[in-house]
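Sequence lines, in order, name chains A and B. Every number in our numbering is 6 more than the matching position in the first sequence, counting from 1. Every number in our numbering is 6 more than the matching position in the second sequence, counting from 1.
Please note that a few of the clues may not be correct.
The list treats identical chains as one, so a pair stands whether inside a single copy or across any two.
Here are the simulated SDA-like pairs of lysine to any residue, each with C-alpha atoms no more than 25 Å apart in a straight line [what the hints assert, rightly or not]:
id	residue 1	residue 2
1	246	173
2	165	144
3	244	86
4	50	113
5	246	111
6	224	203
Keep in mind that the hints were calculated from the coordinates and are not lab data. Quick caveat: nothing in here was measured; it's all calculated off a predicted structure.
2 protein chains.
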Amino acid sequence: MKVYFLGVGGGIPSQNRASPATAIYFRGKILLFDCGEGTQIQLKRSGLSPQRIIDIFISHLHGDHVLGLPGLLSTMAMLQRTKPLTIYGPPGIRSFIETNLELTHTQLEFDFAIKEVEKGTITHPNQYRVECLPALHNIPAFSYILRMTDIPGKFYVSKARRLGIPSGPLRKRLQQGHTITTAGGKRVKPSEVIGPIRKGPIIVYSGDTAPNPKLATKAKNATLLIHDATFSEGHKDKAKEFLHSTAAQAAQIASKAKVEQLALIHISPRYVSFETHEKEAREIFPNAFAPNDLDVLELNPSRKFLARSC
Amino acid sequence: MKVYFLGVGGGIPSQNRASPATAIYFRGKILLFDCGEGTQIQLKRSGLSPQRIIDIFISHLHGDHVLGLPGLLSTMAMLQRTKPLTIYGPPGIRSFIETNLELTHTQLEFDFAIKEVEKGTITHPNQYRVECLPALHNIPAFSYILRMTDIPGKFYVSKARRLGIPSGPLRKRLQQGHTITTAGGKRVKPSEVIGPIRKGPIIVYSGDTAPNPKLATKAKNATLLIHDATFSEGHKDKAKEFLHSTAAQAAQIASKAKVEQLALIHISPRYVSFETHEKEAREIFPNAFAPNDLDVLELNPSRKFLARSC
Numbered sequence: 007m008k009v010y011f012l013g014v015g016g017g018i019p020s021q022n023r024a025s026p027a028t029a030i031y032f033r034g035k036i037l038l039f040d041c042g043e044g045t046q047i048q049l050k051r052s053g054l055s056p057q058r059i060i061d062i063f064i065s066h067l068h069g070d071h072v073l074g075l076p077g078l079l080s081t082m083a084m085l086q087r088t089k090p091l092t093i094y095g096p097p098g099i100r101s102f103i104e105t106n107l108e109l110t111h112t113q114l115e116f117d118f119a120i121k122e123v124e125k126g127t128i129t130h131p132n133q134y135r136v137e138c139l140p141a142l143h144n145i146p147a148f149s150y151i152l153r154m155t156d157i158p159g160k161f162y163v164s165k166a167r168r169l170g171i172p173s174g175p176l177r178k179r180l181q182q183g184h185t186i187t188t189a190g191g192k193r194v195k196p197s198e199v200i201g202p203i204r205k206g207p208i209i210v211y212s213g214d215t216a217p218n219p220k221l222a223t224k225a226k227n228a229t230l231l232i233h234d235a236t237f238s239e240g241h242k243d244k245a246k247e248f249l250h251s252t253a254a255q256a257a258q259i260a261s262k263a264k265v266e267q268l269a270l271i272h273i274s275p276r277y278v279s280f281e282t283h284e285k286e287a288r289e290i291f292p293n294a295f296a297p298n299d300l301d302v303l304e305l306n307p308s309r310k311f312l313a314r315s316c
Numbered sequence: 007m008k009v010y011f012l013g014v015g016g017g018i019p020s021q022n023r024a025s026p027a028t029a030i031y032f033r034g035k036i037l038l039f040d041c042g043e044g045t046q047i048q049l050k051r052s053g054l055s056p057q058r059i060i061d062i063f064i065s066h067l068h069g070d071h072v073l074g075l076p077g078l079l080s081t082m083a084m085l086q087r088t089k090p091l092t093i094y095g096p097p098g099i100r101s102f103i104e105t106n107l108e109l110t111h112t113q114l115e116f117d118f119a120i121k122e123v124e125k126g127t128i129t130h131p132n133q134y135r136v137e138c139l140p141a142l143h144n145i146p147a148f149s150y151i152l153r154m155t156d157i158p159g160k161f162y163v164s165k166a167r168r169l170g171i172p173s174g175p176l177r178k179r180l181q182q183g184h185t186i187t188t189a190g191g192k193r194v195k196p197s198e199v200i201g202p203i204r205k206g207p208i209i210v211y212s213g214d215t216a217p218n219p220k221l222a223t224k225a226k227n228a229t230l231l232i233h234d235a236t237f238s239e240g241h242k243d244k245a246k247e248f249l250h251s252t253a254a255q256a257a258q259i260a261s262k263a264k265v266e267q268l269a270l271i272h273i274s275p276r277y278v279s280f281e282t283h284e285k286e287a288r289e290i291f292p293n294a295f296a297p298n299d300l301d302v303l304e305l306n307p308s309r310k311f312l313a314r315s316c
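Model the full structure from these sequences, guided by the hints.
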């Protein structure tokens with residue numbers, strides 16, 4: 007599972023910091039969180055096909071989070087997409103998409119659903135579960151909590167071989183959790199050849215928000231918290247005025263929630279480097295980092311941070 | 007006067023070819039023709055401030071020509087623009103802009119006018135004149151003919167000095183076209199110290215269009231024709247089907263209109279290089295070229311092609 011930070015800028019995009027978009031890639035599928043102007047180009051730069059996107063989650067309707075959507079949909083259509091797509095977002099998202107498609111004469115031939123979300127849960131059985139939590143922003147906005155389903159324990163082929171279990175139906179029954187009897191009459195329990203279930207990662211995407219104690223509760227033990235860090239402590243007053251967070255405030259949420267990693271995004275273009283943000287956050291929560299555009303974070307099944315590539 | 011080819015791609019933007027946008031820069035001001043997704047980033051890459059844009063001309067409402075507009079307007083607002091701005095485009099442009107601004111909660115504090123154009127002329131006294139010509143496309147679309155006002159003849163200070171005309175009101179009257187009498191009683195006509203008027207450049211922007219004989223008439227003797235060249239001759243049938251032009255068809259218009267230069271843009275992403283387009287066009291009209299994203303064409307007052315920089 008990989009997290010692609012496609013755009014980490016806030017408000018005004020720049021050459022080095024595109025408007026917000028984060029892609030979660032797993033088993034050949036992509037979940038996209040926010041879709042600022044230029045997201046389709048950032049996907050190309052990352053080598054990700056837009057056709058792999060199955061769901062898009064829009065945190066709120068400020069332009070920098072949503073203006074890449076009509077172009078992305080138009081490109082999907084031109085590339086003759088057939089796979090269905092669902093877009094989730096706050097009330098207004100339907101009107102935004104439908105009006106833009108109509109005014110730009112864009113027709114989508116693929117199955118396409120728009121779901122205006124409320125506080126609550128969206129369930130995708132067998133894949134993942136996404137919960138919507140109202141964020142604290144100046145227009146209706148949501149944070150999203152993504153819980154991936156658990157990953158089955160590792161099947162140890164060498165152990166199975168040693169116990170005289172040939173590949174085929176017997177191994178499959180073990181993987182399905184059943185105790186089996188070998189041709190030699192030996193009873194084998196699944197735990198003898200299969201490792202423990204690996205907990206699915208939890209990724210929390212704050213969207214634009216002032217520090218939200220409810221998010222700290224929902225993000226409990228998350229693998230990764232991707233949090234608004236528009237300002238550094240020197241502009242704490244601005245964070246309060248515009249209902250954003252400072253890097254330190256994001257770190258406080260991360261610390262309270264005991265998450266494993268904190269990614270600081272949506273950094274205002276007024277800051278040339280991310281150094282101050284990282285420094286201020288790490289004083290509170292050491293495992294914090296501010297990704298650059300196109301950075302990739304790999305999360306392995308044991309939920310450990312593996313690599314950050316530029 | 008400089009022409010910035012900000013985006014030369016057609017349909018689907020790529021890493022190397024942004025969606026259509028062309029900036030005409032003169033005397034510190036910018037006229038923008040089309041505004042595809044990512045135009046604000048291309049402006050930044052070219053070192054052009056969006057605050058210098060005074061007028062925007064949208065050829066038609068296909069997404070690749072217009073989806074950069076809401077983000078550009080939002081950025082102008084965030085940069086606290088005060089200067090007025092006018093946007094011209096086909097019917098629907100008002101609804102497109104107003105709906106996007108409303109749904110993305112964007113408020114513009116600067117003077118801002120939207121003018122839905124018809125076949126006819128828009129006049130800007132003392133600056134330039136833009137004529138709108140209906141294009142031949144599958145939705146309402148326009149070509150734009152930009153005629154810059156003439157530039158006054160060069161004032162030869164050395165000649166004035168030789169004729170005993172001091173700097174000040176007498177020189178000013180000559181520049182205004184009046185014959186004057188020097189302190190020594192000598193009558194001097196303007197033509198004795200001022201060179202001939204330099205004709206203002208004419209730039210023609212076709213937008214998306216099938217070959218249009220009316221455009222060839224309107225583009226007569228233009229300094230630069232920027233023309234749809236979506237396809238090469240091998241896909242002439244596609245050009246016909248989708249109401250676009252081939253590079254050769256663009257060259258035929260350029261040849262008929264006896265323009266000075268032809269720029270081939272809106273090239274389909276199916277072509278990796280522009281070589282075939284340039285070759286096919288030059289067989290008909292030698293002074294043709296296919297600019298890359300961010301190429302700049304400088305037009306000097308004598309309407310000669312000066313430089314193409316990458």
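Give the relationship of residue 244 and residue 86 under a CA distance limit of 25 Å: within one copy only, between copies only, both, or neither.
-> between (45 Å within a copy, 17 Å between copies)
With 25 Å as the alpha-carbon cut-off, assign the pair residue 165 and residue 144 to within, between, both or neither.
-> neither (58 Å within a copy, 66 Å between copies)
Between residue 50 and residue 113, at a C-alpha cutoff of 25 Å, which is it: within one copy, between copies, both, or neither?
-> within (22 Å within a copy, 32 Å between copies)
At most 25 Å between C-alpha atoms: does residue 246 with residue 173 qualify within a copy, between copies, both, or neither?
-> neither (61 Å within a copy, 59 Å between copies)
Using 25 Å as the alpha-carbon threshold, which applies to residue 246 and residue 111: within, between, both, or neither?
-> Close across copies (19 Å), not inside one copy (41 Å); limit 25 Å.
Between copies, within a copy, both or neither: which fits residue 224 and residue 203 at Cα up to 25 Å?
-> within (22 Å within a copy, 73 Å between copies)
In this structure, the hints that do not hold are numbers 1, 2, in rising order.
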